[in-house]
Each structure stands twice: as C-alpha cells, then as structure tokens.
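Engineer: Listed below are the residues making up each chain.
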Amino acid sequence: MRVWITLKFGVVIFPGSNCDYDTYNVLRDIFEQKTVFLWHKDHDLKKADCVILPGGFSYGDYLRSGAIAKFSPIMQEVKEFALKGGLVLGICNGFQILLELGLLPGAMLRNKNLKFLCQFVHLKLENERTPFTLKGKKGQVLKIPIAHYEGNYFAPPDIIRELKTNNQVVFRYSDTQGRINEETNVNGSLDSIAGIINKKGNVMGMMPHPERASEELFGSEDGRLVFESIVKTIEN
Amino acid sequence: MIDKKILEEHNLTVEEYERIVQLIGREPNITELGIFSLMWSEHCSYKSSKIHLKKFPTSGKNVIQGPGENAGIIDIGEGLAVVFKIESHNHPSFIEPFQGAATGVGGILRDIFTMGARPIALLDSLRFGPLTKSKNKAIMDGVVSGISAYGNSIGIPTVGGDVYFNQCYSMNPLVNVFCLGIAKTDKIFYARAEGEKNPVLYVGAKTGRDGIHGATMASAEFGEDLEEKRPNVQVGDPFKEKLLLEACLEVMTKDLIVGIQDMGAAGLTCSTSEMAAKSGSGIIIDLDLVPQREEGMTPYEIMLSESQERMLIVAKKEKEEEVKRIFAKWDLDAVPIGYVTKREKLQVKSKGETVVDLPVEAIVNLCPVYKRENRFPSYLKKAQKLDPVPLPENYNHILKKILSSATIADKEWVYRQYDHMVQTNTALLPGADASVLRIEGKRKALAITIDGNSLYAYLDPITGGKIAVAEACRNLSCVGAHPVGVTNCLNFGNPEKPEIMWQFKEVIEGIAQACKVFNIPITGGNVSFYNETEGEAVYPTPVIGIVGIIEDIAHMISPGFKEKGNAVVLIGKNKQEIGASEYLKSIFKLERGLSPQIDLEEEKKVQELCLEAMSQGILQSAHDISEGGLALCLAESCFLSRQKIGCCIDLKDPIRTDALLFGESQSRIIVSIRSQNIEHLLILAQERKVKATVIGETGGEGLIIHHLNKEIINIPVEEAYKFWKETIPGVFKIK
Amino acid sequence: MKIRILVSYKDSVLDPQGQTVKYALHTLGYGFIKDVRQGKVFELDLEGISKEEVEKVIPEISDKVLANPIIEKFSWEILKKK
Amino acid sequence: MKIRILVSYKDSVLDPQGQTVKYALHTLGYGFIKDVRQGKVFELDLEGISKEEVEKVIPEISDKVLANPIIEKFSWEILKKK
Ligand SMILES: Nc1ncnc2c1ncn2[C@@H]1O[C@H](COP(=O)(O)OP(=O)(O)O)[C@@H](O)[C@H]1O
Ligand SMILES: [Mg+2]
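Residue numbers (my numbering), protein chains in the order written: chain A, 1 to 236; chain B, 237 to 971; chain C, 972 to 1053; chain D, 1054 to 1135.
Rather than coming from a laboratory, the hints here were simulated on the basis of the structure. Just so you know, even glycine gets a beta-carbon here, dropped at the ideal spot from N, CA and C. Be aware that one or more of the hints could be misleading.
[As the list claims (entries may be wrong)] Not the full set, but computed from the structure, chain A residues with beta-carbon under 8 Å of chain B:
| hint | residue |
| --- | --- |
| 1 | Pro-15 |
| 2 | Tyr-59 |
| 3 | Tyr-62 |
| 4 | Phe-81 |
| 5 | Lys-84 |
| 6 | Gly-86 |
| 7 | Val-141 |
| 8 | Pro-145 |
Put together the whole structure using the sequences plus the hints.
Structural biologist: Structure follows, in structure tokens:
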C-alpha cells in the first residue's frame, strides 16, 4: 500500500557540509517529517517541499564561504525551485551560499573580533509574517547558538534601506530583553542582522543554528519555531 | 657509504647502525637507513619508555583493544565501543603555531577513524609560557586558531580541554590533542596486510616533500641550531580530511577491505611496515605509482614524507573497483601502489629497480630497547622545602588576584573559538568539570575530561602521577559518570638525562598505581620526550584523558549552584597543605613545597559517595576542589549558576586560613543539596566512612566566607566574576 | 602564461584584518605606517590559450569566482617570465 | 609612499586553497588553468620615511610580522602614484 506524505524536507549535502546530519536528524526524529538528503552532484530535488542548505564548511570555506558550493549542479535546481516560489532555508554556511548565489542580497565579512564564535546568542524576531517564522510573535526573543567565522553581514546602504522598507530583516542579534546594541551585536553585522528573507518571502537565510536549539537537553528549544513554522506553512 | 655524519643526521648511534647491519646482513642504502631512522626514532619505537610503560594496567573486561594499535577501544555495551587516543604536537606547534596545532588535530582524527569509528569529540590540553611575553601570546593565539580552524571545518566538536601557564613552557609549549570516536563493536578495523596479492591502495592527498625528518625532528632536542632543524612544516587541509573521513567510513560499512592505516609521522614507511609486521606478511610497492605533488622526488623523500591527509588501505582483491568508486564519489583517488606478499619483507621499487628490501620485523619490532639510567634529581630536596609565608591581611584582595591568574581564569576565550556543539550531542558544554556527550538514541551518555598538573609532578612526581588520574576521575564523578578507560600523553625532557628519566619512571608509577585502585585500564597514549630548549626542560607533564559513562543522562549534574536556600556540603577533609599551590605561585611567586598528598582509597570513597548521591537524585550541583582550593571552588559554583547565586559559608577547621581557603588538598567535592535531603546524604556518607560537612547555604549576591566566626571573604559575586571572566580576553584585546 | 590577480575589499568596506596588522606594526614601533589594507592574490598558470582569450576570460573568472563584486574589487596583470 | 607586499606559501608547501580553487575552475570548464596558488597581499601607506629606510624596513616587517619564513615567501614593490 502506498502512503501519501504531503510534506518532505530535502537537506543538501555539499562536500564539507557538517550540519547535514544534525538538521536531518532533528527534522526526522523531533518533528517526524519525511526528510531526504540531496547530493550536490545531482540535479534531483526529489520532490522536496522545502530545501534546506545546512551549516558547515562547503569546500572548506576556501576562497570565500559558499563561493564554490554555489556552482554545484544541485544549486542550479535549487535556484529554479526558489524562483518558482519553493521554500528554501539556508542555515549558517547555507546562508552564505544563498548570498553568493544571489538569491539573497549582501555578503558576509569576518566577525568583528576576527575570531570564530561558538556561543548562544539572543535573537529578536523582527518579522513573524514569513513561512519560516509565522508561529512566532513580533519582538519575541529566541535563544539559539551561532558557530561561524564569517557571519558579519554587510550590504551597501541602498540594499540595507531596501531590506528595511520591505521588512526583509527577520532576525537581529539582541539581549534577553530584545534590546539591540553594539555589545549584543556579537559579530559586527550591519544593523545587527542575523537573518533575512528575499522580497518574494520564500527564501530565508540565518546565521544561528535552529537545529542546535530543538531539544531541551541542549539548553534551548527556541529553534523549533523555525521548523514548526515551515511545517505549518506547507500543511496549509 | 654511510659515515658518522650521516648517522648523526639520522639520529642513529653507531651501535644502532651496527645492529641494523647485523639484522639485515649488509649495509643499508640511504633510503633504507632513512626508514630505520624513522622507525627506530624515539617517537615511533618508544625505545626509552617501553620498559616503564609496561607498568600500566592495560586489561579489563571491557577492553577490546589496549595499547599497540592506532587507538584504544572500550566496549560500552549495546553493540557500541568508544575509540580514543591522545597525541602530542609540541615541536611543530612551537615552530608554526597555527599549522602545527591544526595538523595535530588532523593526525589524531585519522588515528580514530582509521579504526572504523566516527570521531564525535576532540579535547585539547595546552601549556604555554606566561602571557606577559608577546611571544607566548602569539603562540597561544596561533595554536588556538589552528585547532579551531581544523576541528570546526571538519565538523568534530572540541568539547573540552585544559590550559596551564608556566615559565617552563615559554620555549616549549605543549599541544596535546585527544579524540574520541564511536564504532559498532562488529565493525572495527585494524592495521592489517593479509591475503597474498591483495592490493595496497593509496588514498588522500598527494605526497610532497613535507616534514621529511619530521618524525626524527620530534625526537631531537632543540639547541642553538633551531633554525637548521626547522623543517618545512606541513599545512593542514581539513577539507581534504573531511572527504577522506567520509569516504573511509563509507568503505567500512561494506565488506571491501582487510586493513587500513593512517599515514602520520613516518608516512608510507610506517604504514606499510607496521601493517605487514602486524600480519606476519610482506608488502611490495612501486613508488612510481605514488601520487606526487612535486617534481623529481627521490625514493628517500617519498618514503619519509609526512604529507598530511593520506591513508593506506589493503583491499580485498575482487573489491578494488568498488573501493575506487566510493572514493571517486568523494572526489578522491584510490591508487593501487602495490600488493601483499608472503615473504615478511618491505620491498620498494622505483624506476624498475628495487630500492628497499628489508625484513619488516627488523624495522618494526627489533629496535633496541633502552633501560636508561635514572637518578634522583638534585633540585628536588630544595624545591620541596617551603619556609612559612606571612598570613595575608585582606583575603578579598588575595581571592581577586588568584581569580585573575591566567591558569585559574575562565577559558571561554579559548573554547568559544571551537565549535563545541556541532553534531548536536554536547549535553554539558565546556566550562564544567567534564564534558558530557549524548549517545544518539541511548539513555547512557559519555563524559570526558583531560587533566594534568605539572607543578605537582615537578615537586613530587609519583604523587603528581596519582593526582592526575584521581582528579580526572573526580571530575567525572562530579558530572555523574564512572570512569571506563584511560589514555595518557607523557610530556618530558631529554630521556638521556638520568634526572628526567627518574621523573618519568616515578610519574608512570603514580599513574599506574592510581589506575589500579580505580580499576581502569590504560588503552593507549603517547610519549613526547625532548621537550627542552637549551637544556631547560619542561616540568614533567603527564596529561591524562579519561572516558566515563553516565548510566542515565537524566542524572547528569553540573557544577553551578541551582537555587537559593540550598545547603552547601563539603565532601572530604580540609587539610593544611599549601605547597605547590596556585596561591603560592600567584601571590608569592613561589613554585615550591610538597605537592598535596593523596590517599587513593579515600579518594575513591569520596567519588563513590558523590556518584551514589547523584544516582539517587539528591544533588543539585557538584564541583571538585582543585587549583585555587576551596575558595575558588565556591566562587566557580557561584559563577556557573545561571543567576550568579551567592553563598554564605562558615568554616570551623583549626588550620591556617590561607591554607584552608587556597590549599589544594585532594579528595574534596563541594555539592549543593535541598535541605530535606541533607540527612540522607550524611547517612550515605557515614555508611562509606566519608566525611561530609554542611558548611553553609546558597543565596544572596555575595560570596561570603567565615572562618572561626570571623568574616574573611565578602565580595559581590558579580565583581569577583569580572576578574575571573575578563583576564584572558583582556590579554588579547585588539585596541 | 602566468597571470596575477589581486582581490581586495572596496574602499567602502572596512578591513578589520588590515587594521589589526596596522595596530600590530604600530606596537612594534613602525609608527610611520599610516594605513594597511589586506587582500588576496591569485597566481594562475595558463596553457594553450591566446592573449586575446585571456583578456576576455580573466575578468570573467575574477568577477564570477575569485572576487565577490558586492564587497571586493580586483585587478590583474600578465607576468613576464624571467 | 604606497608599498605592496605579496606573501604566499613557498612552492614546496601545499596550498589547499589554491588546489580547491583550481578544481572549481576546472569543473566550470576553464581547463586551460594548469595551476593556482593563493596568497595574501598587503598594501601599506607610509609617511615620513626615506626610500633607503624603506628598503631596510619592509623586508624586516615582512619577515617578522607579515610572513612566517618557515612556510611563506614574500616579495614587495613601491607603487608609483597615479
Ligand atoms: N603513554 C602511553 N601509555 C600507553 N600506551 C602508549 C603510550 N604511549 C604510546 N602508547 C601506545 O603505543 C602505540 C604507538 O603509539 P603512537 O606512535 O603514538 O601511535 P601512532 O603511531 O598511531 O601515533 C599506540 O598504541 C599507543 O597507544
Ligand atoms: Mg596512527
């Protein structure tokens, strides 16, 4: 007998991805979603409803993070999928790839202290009207870890303006109360930007790792909001 | 023609050379000599340490593999085994801190996944000179970045470690890296070359003129001619290693290979000859087939190259093609360079000629074993003598100074550069007594810690050895784990000096005794000698890595106070021991006195009590007393509590106040507990004849300590916290 | 043919690495250094390709792969063999 | 005065980045690229220092701060102002 599952996540594996299994396991075990891996050399998205580009060091982050992965065969499909309105989430290195690919505006510079940063941060949810955050409340503060060396978001002034006018900034680094200042801006990102979405509202990139904050055992479950929102979106 | 000079260049003595000639029945050619120089080096042959390492207990019912392979293996039940090992990369990290440390990580990772285990945790044990010298700062900065760059990129979390600072490490920093992997007990792989005509495959990076003589360099004391001894240090390629890791583990899921061995120090030489020797077989390879990065490499260079990210595989004849296919999937070549033979020989061809033809037994197992002379060190008596120091007036002031000593201060500056969460198994993050890792889908969890106070070992080697083990076990018991296996890295000076050799044998004796009392096997480790510059040796530095099991992760305990109004209980006895303390070092600039003493049986009982109380779920927090003493342990218990809960303590012991606060007496643990459970804990203690004393209560914003009804410490937790937290970042701040 | 391509941040993008180097040099007493910018250099060995093609292909490669136009600029030259 | 210093791995030293870039360019069809080496470039603005001193001090800086002589080599030039 054939079981129909309407919902399917595709997690892309690039050479050098290292949060691929973390993300896969969380989706499969915690959210009990049908989840498949997508191989960078393939052209097949396996009918995924949502494609996730996981964290890691694709191609060792050599040259620039995401600079080489963007040329993978699978990414040409992901691009098409995105342009057709498919849901694409880039986490950390995945975000960097989306920037390099031009699916999201801007670029990443090295963290302001020129060091890799692995720690919990607090995020202020700025836009809850996205497929990735609709289970949240505006202004809500989430505790989710970051782990990156190049997460210092940069874009020319006109782009920044545009991001704001279109309400494309989804997450900003803040303190526990949602206050935003130099200190809470751990990596030096312009406007404390931690996550953005494209105009169309179907492609989001974020530096923090929601998959690392989906089980109580690891100190926070706030990351669930992102995955639960996607599930809700697609189910409707 | 081999002459004295050539022998010196190869760190071989005339006697050793004569032995070689006698073993192979002729004069070796230069390539063959090179091979012996690597395999008979201290680093590979353990010729000076073997007889002492024999003292270690290495067996136990859960031991699947003890010393002798790339890593040790312990059965943890449910069809799973942990594979772990520690390696040093001291000399390279001094010469080129970033790449030296990075390739150190790469090396130990290969030791683990070459056995079929997926690495799930790294720990690093670091020793540097004082950060007041910019050179030491630069080394630390480089080493930490190097470990971070390699470990983060390949996606293995660095979940813990330790950092000590001492003058003796100024020209001799120590970088020891520990790695642990998980394997299925029925899918473990060894360095074997079995089955005549089975193909020998070379996989991974191309061979270049990297670190030729590297292995022997690691066995030659630095002198004025340091410049000359500097080889071209290798550059690590974590991306390549990640591909290698995934490809090897994928190959191992299928029934395709008979053996595999990483090419670490001593590269092709070591892997070919060891695999053959362990299987009583031979290997023949053709160097023309070895992938090469540079033009015109000689057989000597190819055999001795230490290029990173390479492995040697003996595949099953008929499976060669499938192995190649899997490596191709990961954009790697698997190149057949030879095959297994029946004759127990290593044969190497180049340009159609045989350039090496040696009995593997001679290369691998017949290196002379030395029983080096050892003598009681002249410094010791004097160093152990401690004239009484004046009692301080202001203990708040003293506490602040100790909190700001680099060795005591918070190490977040280091571990936040490491991705310690990737693989999402890290249940207890760095900063606790031990790191705890969830085992996917299991109730059980793993706890890992790494320890070694070299000042103790310097002032009392045998006790230093015992304490290194005891403290590691104590750290495990503080998170709720019982120890199951030990690995160790022994960092010492020049073993040809009798006083160094004495330190070595004493420390080993101490480690061995402790392991026997705790009934834990040593499954492997590493010895690093010649850690000295211009005759100045490092303090004897045993680094002990111990793996423990928490039967139910729900019982995991962390060091920070949890709630106001809990009772603070001291398990163990306060003693008047002040020698070898951080207090003497940072306040009086004294590194002397007798190290704290230890009664291993008592230590064991203290730990058992702690574990029993945890399994009954009556403890809120537990933190062991070590460097900085009781006062520091209390301070940290406040710092590590979410809301920085303070505590009010009342001590009655009739001993010197400074010794009471800052002395480093062993076998003590501070726990916090709800008042309704105090009775129960005290009864458990009585049953075990362990001393347990309620010494105060959690709560308030201050760390307050009374001694004999006199307030001696009263400082806001937030204020004390700043000194502890900001010391190391302060040193590295970019203005 | 040997090609050298230099990639560096646009002036509008601040370069913390350069700043750190400058700071380090100052503390070492090299006060006469007013500014430091750090970038990347690529040296390519080309074979079987004409000068004309190079003129076309190198800017293409630089723009598409070696540099990120949002933050970086590039320049290139043909190295004469010694 | 503007100085440009190029720092790169010695030829005998593995250059993982360069190798990976080369691999990427090949898969993109630029097969005529036989080798890629990646290095760093530093551009320094100097003030109040004579040409002679520069000749002395730049190699010193490069050797001590910008490059690690064990694995890296450097070259430098004075940029003529446009
Ligand atoms: N201090 C020690 N205690 C126990 N075993 C040791 C020690 N030092 C080395 N060994 C064992 O000797 C063998 C060879 O060590 P080593 O050369 O470091 O391994 P590798 O060649 O894989 O680096 C290993 O199995 C190691 O566990
Ligand atoms: Mg090995």
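Engineer: If a hint holds in the structure, say so; if it does not, say that too.
Structural biologist: Results for each hint:
1. Of the supplied interface hints, the one on Pro-15 of chain A holds, with its beta-carbon coming within about 6 Å of a beta-carbon of chain B, less than 8 Å.
2. With its C-beta approaching chain B no nearer than about 6 Å, Tyr-59 of chain A sits inside the 8 Å limit, and its interface hint holds.
3. Below 8 Å, beta-carbon pairs count as interface contacts, and Tyr-62 of chain A has one with chain B at about 7 Å; its hint therefore holds.
4. Taking 8 Å as the C-beta contact cut-off toward chain B, the hint placing Phe-81 of chain A at the interface is violated, the least distance being around 24 Å.
5. Taking 8 Å as the C-beta cut-off, the interface hint given for Lys-84 of chain A is violated, the closest approach to chain B being about 29 Å.
6. Proximity of Gly-86 of chain A to chain B is violated relative to the hint, the smallest CB-CB distance being about 26 Å (cut-off 8 Å).
7. Look at Val-141 of chain A: its Cβ only gets to about 16 Å from chain B, farther than 8 Å, so that hint breaks.
8. Interface hint at Pro-145 of chain A: satisfied, since its Cβ lies 6 Å from the closest Cβ of chain B, which is below the 8 Å cut-off.
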